[in-house]
Every structure is written in C-alpha cells, then in structure tokens.
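Chemist: Each chain is listed here by its residues.
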Amino acid sequence: MPLHKTEYKGVLGWIDQRMPTIMTEYKKHLSEYQAPKNFNFWYFFGSLAIVVLVIQITTGIFLTMNYKPDARFAFESVEYIMRDVPGGWFIRYMHSTGASFFFIVVYLHMFRALLYGSYRTPREMVWIFGCLIFLVLMGEAFFGYLLPWGQMSYWGAQVIVNLFSAIPVIGPDLSLLIRGDYVVSDATLNRFFALHVIAFPLVLVGLVAAHILALHDVGSNNPDGVEIKETLDPKTGKPLDGIPFHPYYTVHDIMGLGVFLIVFFAVLFFMPEMGGYFLEWNNFIPADPLQTPPHIAPVWYFTPFYSILRATTEPFMLVLAAGLAVYALLLFFTLRSRPAKFAVLGVAAVVIVLMVGGPLRLDPKLWGVALMGGSVLIFIALPWLDCSPAKSMRYRPAWHFWLLMAFVVVFLVLGYFGTQPPSPINERASQVGTLLYFAFFLLMPWWSRMGEFKPVPSRVTFAAH
Amino acid sequence: MSATSDAQDAVDPGRRAALVATGVVGGAGAIAVATPFVASFTPSERAKAAGAPVQVDLSGIAPGTMKTVEWRGKPVWVLHRTPEMIAGLKKTDGLVADPGSNRTAYPTPPYARNETRSIKPEYLVVVGICTHLGCSPVGPFAAGTNVALGENMGFLCPCHGSTFDVFKDKPAPDNLEVPPHKYLSDTLVLVGEDGKA
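Residue numbers (numbering that gives the first Met the number 0), protein chains in the order written: chain A, 0 to 464; chain B, 0 to 196.
Just to be clear, a hint being listed does not mean it is correct.
[What the hints assert, rightly or not] In silico DSS-like links for lysine-lysine, alpha-carbon gap of 27 Å or less:
no., chain 1, residue 1, chain 2, residue 2
1, B, K47, A, K67
2, A, K8, A, K36
3, B, K181, B, K89
4, B, K169, A, K67
5, A, K27, A, K340
6, B, K119, B, K181
[To be verified] Computed spacing ranges between beta-carbons, pair by pair:
no., chain 1, residue 1, chain 2, residue 2, range
7, B, G28, A, Y25, 57 to 65 Å
8, A, D69, B, G149, 47 to 55 Å
9, A, V202, B, A20, 36 to 44 Å
10, B, A31, A, Y25, 28 to 36 Å
11, B, A20, A, F269, 53 to 61 Å
12, B, K119, A, Q290, 35 to 43 Å
13, B, D56, A, G275, 49 to 57 Å
14, A, I295, B, S58, 32 to 40 Å
[Unchecked claim] Heads up, incomplete: computed chain A residues facing chain B, CB under 10 Å, no partners named:
no., residue
15, N65
16, P68
17, Y79
18, R82
19, M93
20, V160
21, M254
Hints listed in this document are in silico derivations from the structure and should not be mistaken for laboratory results. Just so you know, even glycine gets a beta-carbon here, dropped at the ideal spot from N, CA and C.
Produce the complete structure using the sequences and hints provided.
Modeler: What follows is the structure, given as structure tokens:
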C-alpha cells in the first residue's frame, strides 16, 4: 500500500510516512495549539503540576530501589536511604518536598480557575477530571504517608481508616477490609505500598492525560474570560488572540520552571522539614502501636478539611440542621418546577431527621465524615453553582473578588486550626469557618448573579512587552 | 521542527545566544540533578561495610586442610599446604593452562605471580569460584585421590569438570582468582586489602 504523504524530510519524513500520528499530535497539542496570548502568573501552575508529577514518579522509582515495605524494616530502610545510600538523602528530600509542593501548586492551579471561571461552559469536563485528580492525589498522599512507618504515619492512618468505621452497618467490616487486619499493621503497609507506587500513579497519569485532552478539545480560558475562538483571523482561520503553544508557552513555562526550581531547591537544601510541616517531627520516631503521640494532626495540606471534620460535634448538628432548613426554604421559593420544590423539601426533611431526629439520628462522627467528604466534592459542583454573567473576576463586581478572598482566608484559617490541638476556640472558629465555607458555595447561585457587571470585551487585554 | 523556508530559518543571533546560554545552564542543571540518582546505584555505606576486609586466623588450620571464609559474598579458601603439596606444584607446570599466572581476566596480584601463587608458599588464598560459570569447586584432593584429577592434587568443579589450578583443555579459562590480601602477622591474614601501594 502507498505510504502517507509527508512534508518532512530525512528520518523525520521516514517516521512520518509510517506513523503520522506523532507529528499530527505534536502539531495539534504543541506547535499549532492556539493558546490565548494573555496568560499571566496564575497560568504557570498547570505545567508546574506536570513537572512535580514527573519529579515524584522519578524520585519514587529510585526510593523503591532501597525502601522495604515491611513493618519490621520500613522505618530503618528510610534511615538507610537517608544515611547510607549515596545521594539517598537528596532523593528522599526531593520526594518529601515534592509532595508538599504538589499540593501548593495544585491549590494555586485551582485558585486560578476560581479567579477566571475556567470551570465554566464548555470546560466542565476539564474541571471534573481536575477534581478527580485532586481526589486521587489526596489518596496517593495518604497512602504514601504511611510508608515511612513513623508515629505520625501510623496514627494518622489509624485515625483516617477508623473514619470508615463510622459508616452505619458496613463500617467496621469496611475498615477491616481496608486495613487487612484488626489494626493498622504490616498487611496495611504492604497494600498501601502497592497502591501508592503503582495503582494510584497509573490512575493519576491517565487522569492528567484526560484533563489535558479535554482542555485541548475546547481551548484554554484566559484571565479575561474571553473565548478567543469567537474572533478568528479571516485569512488564517486562527483566533486573533491566539499564539501557538510551542514555542511561546513552552519557553514561557521553562522560565516559570526555573523560578519554581529555585524555590523548590532552596527549601530542599535549607529547610526540608519546613518547621515540622513538610516532615513532621513525630515521624522521626518509629511507629508504636501501643502509644499515640500527644498531638496528632494530618499533614498541612489536609488540615482545612480535617478542621471541618472535627468541627462537627453534637451541638453543631443543630446549627447545621437549622442551616439546612433555611437553605431548603430558599430553594423551595426559588425553584420553579413543582416536583423539584417538593423533592427538595422531602430530601431536606429526611436529612434533618437523620441529623437531629432522636433515635433515628446518625452519629455526629459520621456527619463529620460526610461534611469533610462534601467539602472536597463540592468543588465539582462549581460549574453549576456559578451563575455569574461574566466568567472572569475582572468583569465582576469588586465585592465578588473580596468574597473570594474571604473564602481563601476561611480556607487558610480552617487549615491553621487543623494543625492545632482541640480547644474551645478551635472548635468555635472551625464551626464558623465550616458554615462560611459551605455558604460560599451553596449560596453562589444567588450571590454570583448580584451586583453590577462590567461589559466583557470581545478581545483580550494584552500589552506587548 | 517546522517546514518553513530557509530564509525564515536564519536564527537571529541574539536569540541563538539566549538559546545556547539557556541550553548550557539547563544541561548543567540536568547533570547536577542526575548525579545523585546515578550515585544511588553505587554501593551504599552498608554494602561497603559488609564488603570490608575479613581477618582469617591461620593458627587453627591443620596442614593439608582448608578453611573457607566469606568475603563480599564469595567463598575464600585458605589452604594450608604441606611440603609435599608445594613440591608437587612444579610437576603440573606442563599440564596447567597458565603456569605463569599471566592472564588478565582475573589479574593475579604481583605478590602472587609465582609458582605457589601466594605470598607465603604454605598458605594459598584464592576465591573459591570456578572461572568458567561460577560454581564453587570441591576439594582439596590429595594426589591420586580423585579420578578426574588423576595423579595430580587440586580442586574439581562438579558443574562442567574444570580442575584447578586450571588445567589445559578444561572449560574454565582462568586460574582461581587471588583476592587482594596481606599478612597482619604470621597467624593472621587480612583478605580484601593489599599491603602494597
């Protein structure tokens, strides 16, 4: 059969005649992918996230060459890597620093989406894959954290796996299934090792590929929220405000990478433990199943959600039930379809009974788990919660921006209290934070429509530099 | 990278300089980062400690018998030769493949490049691994006690029949390896370390 026609010469032409996909995809995703020309600081974090993923996989591979996933040897093997393996300390610190930086980068990457409405139509699929990546990343970090088999590793895993026992009926058996034993043990360590090293990384790589493919199908958003595909050059058919990803953004992102690596290696060489936040002090003690350290806290990147879990106490259930009742009424008077109105009331009634209804109510412990899970999952709903006529914060009323900033502050405050031991102030602040956190999302269909919006231009704002 | 015409391909010298500079710095960075990863493949401190020289006490080895010790995971034989055994070495000069210990696959240390392949004639220190494919030979057999060796003394490798120190026309190409070693005293030999610089 005749070979594909090719425009390339030499070896490249030979390959292109036999596997045209390589150059087709290269053009589609790199040299001819039209990206908006007005990307700013917030647009570095996607490519940085890919880089950190590669760092974690590479350092992870080298760590598994010397790590022993056996409860008798795990802790010691990490110390062996740190002290006896040539360059081992560097590889280990790259992996632990990388883990924390992964979350810093991902949180900033998600914040960009909130700033510019990147999750809105037609980018819902990009956002959904992104939220799934976030969930899987949290799981990956959780499994990985058990592996050093320190005191924090052990007791953190014990607490989180025990959360599953709060589920009614199947809870305790589910925990037993997850642990593979009556308590976190060698069985748990070995299976978490397999999940952390192979299963979840494979899933993560697949999801990242899907995330990028979904993005490239619809085209990137930009700080102005302007759809560049709507204004094409009549001669070339390409967006007037578009530039080819390669070479402009490949070079741009390499520069961003340079800055990132400066910060990354500064931390790695001079403060890898980051005051006990990246490498917790308690984890330098081998796991002791008979003694819990006086103060357990999850790693810093889980603390906001942990605060929400801890805030859910018996008295707080009443507040939550009241809040739900008010919300149900709000929906009742806003929705137009009759079946929907009454469905909302029905569901709310059932949930309120399960929250506070005497003998039928579920344990606050379980509601804490539900709220914690909900606080992560609610991000998925953003494309449907955000009803603002303008995508980007730049064209929304100024107070929308301050509301978003307030949400960020609430997130950070919840995070702070999550690192602290329980106390009356901690409890109250976390409860207020929880209410504000959920209010930001759940009331968004109303507040995102309110205020004076500025006209959204048809062309991006860009000054040549 | 693209199929543009040659006229557009002339790279602006300023841009080229920036590309080269970035490439060089990036390359240096890549090498710097790769170094610990490649280094992690080399023996760790624990492996080096486990591979440390081994002391062998010679006082317990009766003449004609052999002691086996482990050094770097390998069996090292310390054979206390009798005067008859030493005398018998010359007789096999014509039958062995490398009487002068000149082959370089397992270089013989200078102090062992002699008739007895040792520092002291009465003690033979060799690595007990057949130079063919790695089995550990059986022995020592006194002269005339083993069919495969015939009238000679020596060692026999059961896997493919090589006899040592390696006779001609046997599968093994080289003599048994002499490990670096030195005598700390008349009754103590240190296997794994040379005395000579």
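Chemist: With reference to the structure, classify each hint as holding or not holding.
Modeler: Structure-based check of all given hints:
no.	hint	in the structure
1	B:K47 to A:K67	holds (19 Å)
2	A:K8 to A:K36	violated (31 Å)
3	B:K181 to B:K89	holds (24 Å)
4	B:K169 to A:K67	violated (44 Å)
5	A:K27 to A:K340	violated (46 Å)
6	B:K119 to B:K181	holds (10 Å)
7	B:G28 to A:Y25: 57 to 65 Å	violated (25 Å)
8	A:D69 to B:G149: 47 to 55 Å	holds (52 Å)
9	A:V202 to B:A20: 36 to 44 Å	holds (40 Å)
10	B:A31 to A:Y25: 28 to 36 Å	holds (29 Å)
11	B:A20 to A:F269: 53 to 61 Å	violated (27 Å)
12	B:K119 to A:Q290: 35 to 43 Å	violated (59 Å)
13	B:D56 to A:G275: 49 to 57 Å	holds (51 Å)
14	A:I295 to B:S58: 32 to 40 Å	violated (59 Å)
15	N65	holds (7 Å)
16	P68	violated (18 Å)
17	Y79	holds (6 Å)
18	R82	holds (7 Å)
19	M93	holds (9 Å)
20	V160	violated (32 Å)
21	M254	holds (9 Å)
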